[in-house]
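Okay, here's what each chain looks like letter by letter:
There are 2 protein chains.
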Amino acid sequence: MPQLLRVQNFNISSDGIAAGEDQTLENPFGLAIDPGVLFSWAGATASWPNRTDPGGSRGLDDYLTRDFRNNIGAEIMGRNKFGPQRGPWESEEWKGWWGEEPPFRTPVFVWTHHPRPSFTLSDTTFHFVGGEPAEVLARAKEAADGKDVRLGGGVRTIREFLDADLVDTLHVAVSPVKLGTGLKLWESPEELSDRFHVDVVPSPSGVTHHLFWRK
Amino acid sequence: MPQLLRVQNFNISSDGIAAGEDQTLENPFGLAIDPGVLFSWAGATASWPNRTDPGGSRGLDDYLTRDFRNNIGAEIMGRNKFGPQRGPWESEEWKGWWGEEPPFRTPVFVWTHHPRPSFTLSDTTFHFVGGEPAEVLARAKEAADGKDVRLGGGVRTIREFLDADLVDTLHVAVSPVKLGTGLKLWESPEELSDRFHVDVVPSPSGVTHHLFWRK
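As they're listed, the protein sequences go chains A and B.
The numbering of the first sequence is our numbering, which starts it at 1 and goes up by one.
The numbering of the second sequence is our numbering, which starts it at 1001 and goes up by one.
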């Protein structure tokens, strides 16, 4: 089986926006609205990793949510997904947004120019790596032990890996809300149609799943 | 996490038929047509267990196909899914339709009145068990080691477990072909609407996925 680089459960607005420009500690997505509006389809599913109560739907949206860990052996994320800091690390206190039990449970490669020692929280080890996208991917594939690698975002990171033509599949969930300004994944999904097949699947929840795979 | 009983990738015609009445060694589904017509949507996906060449689609149909093993720790199947024999076992030569590498890779409980010793092929162990559906499910759950149990079919087995109200989720793929006569799962999916939520999801491949979960 080939090792794929997969974008999964990446959520954008109907006008293509994934995040705002002004991320802060209090506002990880930098959006003027509650980002829960974008993610509500996932939060309603039985397999949502942060679910604390029983129940939840087990239809189409749940298949997409529960695939999050399926055959994934490592994640690559941009530094802005890891935290709100910019520039050199002033301290090593910050260990991500996810508390003592990050949902990744694999090695995670945080893509940054600024070195920092690796550390482990529960089943997740964070490494801090620079270099070209292809170099980062090579390290992640080696760590993934034959499994696929998830490209976790944010939007700039996904765009750079797309520009380098390293992405094999993308699941982009388009929520029925317009945001107006922010960091865009695309102007239109058509931008990927030269290199990818796509299934466009409207869910009863109101979100439209776009499932791309390489031609 | 509760242990679920899940029907996955169960394929029927647009008139509800899963199999013919006259199963034989040469015709496992007992259908007058090539059963490949029902299953072609799954065979086209990258994750189809019997795929021998690289390639295949990675859109909606692939999510459903690749969920086959996701968090499954055991399977229950009817005797007619296991083989064409009826009545007491005349020999123990028959070891299923799947050759030396059955795709299950978990304990499999074959539901039959006719006892036979367990045996193992590669990563799959087949056990032969009688009793009420609830008893069979209790044994499968114990063997599944905390994971879910797949209810593999055939159609009579699924109907009996539905009648006993033991099924938690069902994925039924309805193919755009009429068969006319045979063993029916339902006259209409409405029959399940008193007990189950359902997402009805048309795939670009032409099949319509019905995803049921318990109310």
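Keep in mind the hints are simulated off the structure, nothing from the lab.
Please read all numbers here as calculations on a predicted model, not as lab measurements.
Hints should not be assumed to be uniformly reliable.
[As the list claims (entries may be wrong)] Listed below are the simulated DSBU-like cross-link pairs for lysine-lysine, each with C-alpha atoms no more than 35 Å apart in a straight line:
| hint | chain 1 | residue 1 | chain 2 | residue 2 |
| --- | --- | --- | --- | --- |
| 1 | A | Lys147 | B | Lys1141 |
| 2 | B | Lys1147 | A | Lys147 |
| 3 | B | Lys1215 | A | Lys178 |
Now the hints, each set against the structure:
1. A:Lys147 <-> B:Lys1141: Holds. Lysine 147 (chain A) to lysine 1141 (chain B) sits at ~28 Å (cutoff 35 Å).
2. B:Lys1147 <-> A:Lys147: holds (21 Å)
3. B:Lys1215 <-> A:Lys178: holds (32 Å)
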